[in-house]
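Chains as they are written, first to last, in this note's numbering: chain A, 3 to 98; chain B, 69 to 582.
Check before you lean on any hint, since a few could be wrong.
[What the hints assert, rightly or not] Straight-line C-alpha distance at most 25 Å; calculated PhoX-like pairs for lysine-lysine: (1) 450/B x 12/A; (2) 416/B x 12/A; (3) 416/B x 404/B.
Simulated from the structure, these hints should not be mistaken for laboratory data.
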Amino acid sequence: MSLTRQDVEKVSLLARLRLTPAELDRMTEQMGQIVAYVESLAELNTDNVEPMAHALDVANVFADDVGRPSLERADALANSPHHDREFYLVPAVLGE
Amino acid sequence: MSLIRHTATELLGQLNAGKVTSVELTKAYLAQIEQHDPQVKAFLLVDPQRALDRAAEIDGRRARGEKLGRLSGLPVAIKDLLCTQGETTTCASKMLEHFKPPYDATVIARLKAADAVLIGKTNMDEFAMGGSTENSAFQKTANPWDLTRIPGGSSGGAAACIAAGMAPLSIGTDTGGSIRQPAGLCGVTGLKPTYGRVSRYGLVAFASSLDQIGPLARTAEDAALLLEVLAGHDPLDSTSVDMPAPKYSETVGQPLAGLKIGLVREHFGQGLDAEVERAVREAVKVYESLGAKVRDVSLPHGKYGVATYYIIAPCEASSNLARYDGVHYGHRTDEKKLVATLDAERAKLTAAGQTAAVAALDNPLVRLYRESRAEGFGPEVKRRIMLGTYALSAGYYDAYYLKALKVRRLIRQDYDAAFQDVDVIAGPVTTTTAFKLGEKVDDPLSMYLVDLYTVSANLAGIGGIALPCGFGADGLPIGLQLQAPPFEEDRLLRAAHMFQQATDWHQKFPAMVK
Numbered sequence: 003m004s005l006t007r008q009d010v011e012k013v014s015l016l017a018r019l020r021l022t023p024a025e026l027d028r029m030t031e032q033m034g035q036i037v038a039y040v041e042s043l044a045e046l047n048t049d050n051v052e053p054m055a056h057a058l059d060v061a062n063v064f065a066d067d068v069g070r071p072s073l074e075r076a077d078a079l080a081n082s083p084h085h086d087r088e089f090y091l092v093p094a095v096l097g098e
Numbered sequence: 069m070s071l072i073r074h075t076a077t078e079l080l081g082q083l084n085a086g087k088v089t090s091v092e093l094t095k096a097y098l099a100q101i102e103q104h105d106p107q108v109k110a111f112l113l114v115d116p117q118r119a120l121d122r123a124a125e126i127d128g129r130r131a132r133g134e135k136l137g138r139l140s141g142l143p144v145a146i147k148d149l150l151c152t153q154g155e156t157t158t159c160a161s162k163m164l165e166h167f168k169p170p171y172d173a174t175v176i177a178r179l180k181a182a183d184a185v186l187i188g189k190t191n192m193d194e195f196a197m198g199g200s201t202e203n204s205a206f207q208k209t210a211n212p213w214d215l216t217r218i219p220g221g222s223s224g225g226a227a228a229c230i231a232a233g234m235a236p237l238s239i240g241t242d243t244g245g246s247i248r249q250p251a252g253l254c255g256v257t258g259l260k261p262t263y264g265r266v267s268r269y270g271l272v273a274f275a276s277s278l279d280q281i282g283p284l285a286r287t288a289e290d291a292a293l294l295l296e297v298l299a300g301h302d303p304l305d306s307t308s309v310d311m312p313a314p315k316y317s318e319t320v321g322q323p324l325a326g327l328k329i330g331l332v333r334e335h336f337g338q339g340l341d342a343e344v345e346r347a348v349r350e351a352v353k354v355y356e357s358l359g360a361k362v363r364d365v366s367l368p369h370g371k372y373g374v375a376t377y378y379i380i381a382p383c384e385a386s387s388n389l390a391r392y393d394g395v396h397y398g399h400r401t402d403e404k405k406l407v408a409t410l411d412a413e414r415a416k417l418t419a420a421g422q423t424a425a426v427a428a429l430d431n432p433l434v435r436l437y438r439e440s441r442a443e444g445f446g447p448e449v450k451r452r453i454m455l456g457t458y459a460l461s462a463g464y465y466d467a468y469y470l471k472a473l474k475v476r477r478l479i480r481q482d483y484d485a486a487f488q489d490v491d492v493i494a495g496p497v498t499t500t501t502a503f504k505l506g507e508k509v510d511d512p513l514s515m516y517l518v519d520l521y522t523v524s525a526n527l528a529g530i531g532g533i534a535l536p537c538g539f540g541a542d543g544l545p546i547g548l549q550l551q552a553p554p555f556e557e558d559r560l561l562r563a564a565h566m567f568q569q570a571t572d573w574h575q576k577f578p579a580m581v582k
């Protein structure tokens with residue numbers, strides 16, 4: 003299937019990226035080439051193959067249910083580009 | 069012989085015997101960095117005073133007769149994607165240009181506990197995505213053997229600093245070949261451990277089911293020393309396996325009797341440069357002269373490795389990198405400008421009567437995410453996020469991601485079958501020696517194909533090592549790759565050491581290492 007500029011624009015919103023018109027053109031072309039390449043997998047019959055999400059045969063690794071100190075609020079906020087003493091700050095989301 | 073030409077193991081002996089101090093050693097490497105790093109650009113950050121203070125502190129404890137950690141004051145360079153508390157960790161991205169982690173990665177904590185001197189942070193492809201280190205947002209690293217060539221990537225700075233005599237040991241990460249490929253192209257030794265061998269806690273995540281941290285050094289013996297410090301269970305990483313880590317440095321010197329080596333039939337086909345093939349076949353002959361038995365093996369799904377990898381890795385990357393939102397940490401766009409731009413867009417569309425477009429306009433928070441990410445990420449990172457988001461989006465999941473996970477199983481099964489017959493698999497690391505800076509930057513797909521011989525080990529989760537085995541006519545190093553079944557790092561290191569006892573490729577230096 004060929005990838006259109008509209009597809010790429012839609013993906014850019016899902017990916018929370020904003021691409022310039024020139025970037026969209028280029029991305030459409032490059033993603034098209036890469037997607038065409040990875041589609042070579044379609045030639046393999048994988049009907050009875052179990053998907054492998056992970057290389058390790060470990061599952062359900064549990065930690066003991068004991069409290070331990072977590073990051074101090076000041077440390078957690080320290081790298082934030084915009085915050086007050088308690089919160090991360092963002093532009094208004096609801097209404098005007 | 070100048071200090072910087074010694075191996076880490078030799079230097080450790082000298083430190084422990086009191087023949088050299090950590091300060092003297094650190095000074096020697098800092099001098100080499102000062103003289104040659106303006107050309108090589110392997111480091112993003114070097115803080116000489118801090119390194120010297122640390123070395124002096126370790127020397128002080130040595131002088132007082134205190135027992136020191138395993139590395140006793142040896143300098144170690146760190147790829148700039150491991151969290152170091154209070155010290156900038158950039159991932160070679162504008163997104164994290166000013167990020168100061170509030171904690172240490174487990175690997176950093178282990179190095180500190182082992183009394184390493186952290187000498188600097190090395191350059192890399194942004195978020196470890198790339199094969200040439202040209203995707204760094206800050207600088208391009210050169211290959212110390214030829215400054216017009218790439219050092220490989222993504223751990224390009226990590227490999228270049230070893231080749232250039234700027235550090236005796238360094239830490240890299242390997243998601244699709246990012247330790248082995250630059251090691252091969254820079255003529256040093258680099259080990260990608262089995263997935264789960266080394267804790268990933270505090271490693272800035274790229275593709276979590278593939279990422280693994282490992283050592284780069286001049287020799288297998290040195291890599292064994294460093295892996296011994298890095299490896300082991302960590303409750304903070306649930307994918308770190310709960311099994312004891314062997315004392316690699318104690319066994320690395322033992323040759324492997326009756327070693328069975330497999331040569332992958334498919335690795336010697338079309339696309340492999342003739343002089344790389346010749347060097348690899350010569351290396352295999354060296355093993356035969358040491359008593360190894362060689363036979364052909366087949367990894368029939370290996371040719372699908374790159375396609376499988378370039379679905380799985382971008383999918384995982386798109387999820388992992390969703391955390392960069394311009395809110396919690398990292399780059400954030402100018403908020404006032406953003407609100408003004410949005411208002412202007414809305415006014416313009418409203419005046420034109422385009423009500424549907426007005427309704428579709430990003431809300432300010434979504435625009436903040438999109439703009440911050442657009443400004444903070446470079447082109448390759450954007451490409452991977454886009455690819456992954458596309459492959460995981462509604463309607464495509466089965467055709468791409470699920471399909472790739474199934475092929476991943478087939479790739480692993482190929483290895484399991486091959487390792488029924490042989491102890492290690494030998495082959496090239498790359499198809500050619502290091503290419504020219506700029507040669508592939510406009511062609512992402514050709515850059516991806518550089519990973520041909522290395523990605524399968526990550527997909528299968530097994531270990532691999534790259535070591536120097538010759539030079540091309542252009543004077544550039546050629547690498548040999550060995551791969552082994554899961555958790556057989558000891559076998560890889562011993563096999564590599566056997567080769568290095570019989571050859572001197574690892575003792576060659578570029579002209580800048582005097």
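* Which numbered hints does this structure break? -> none
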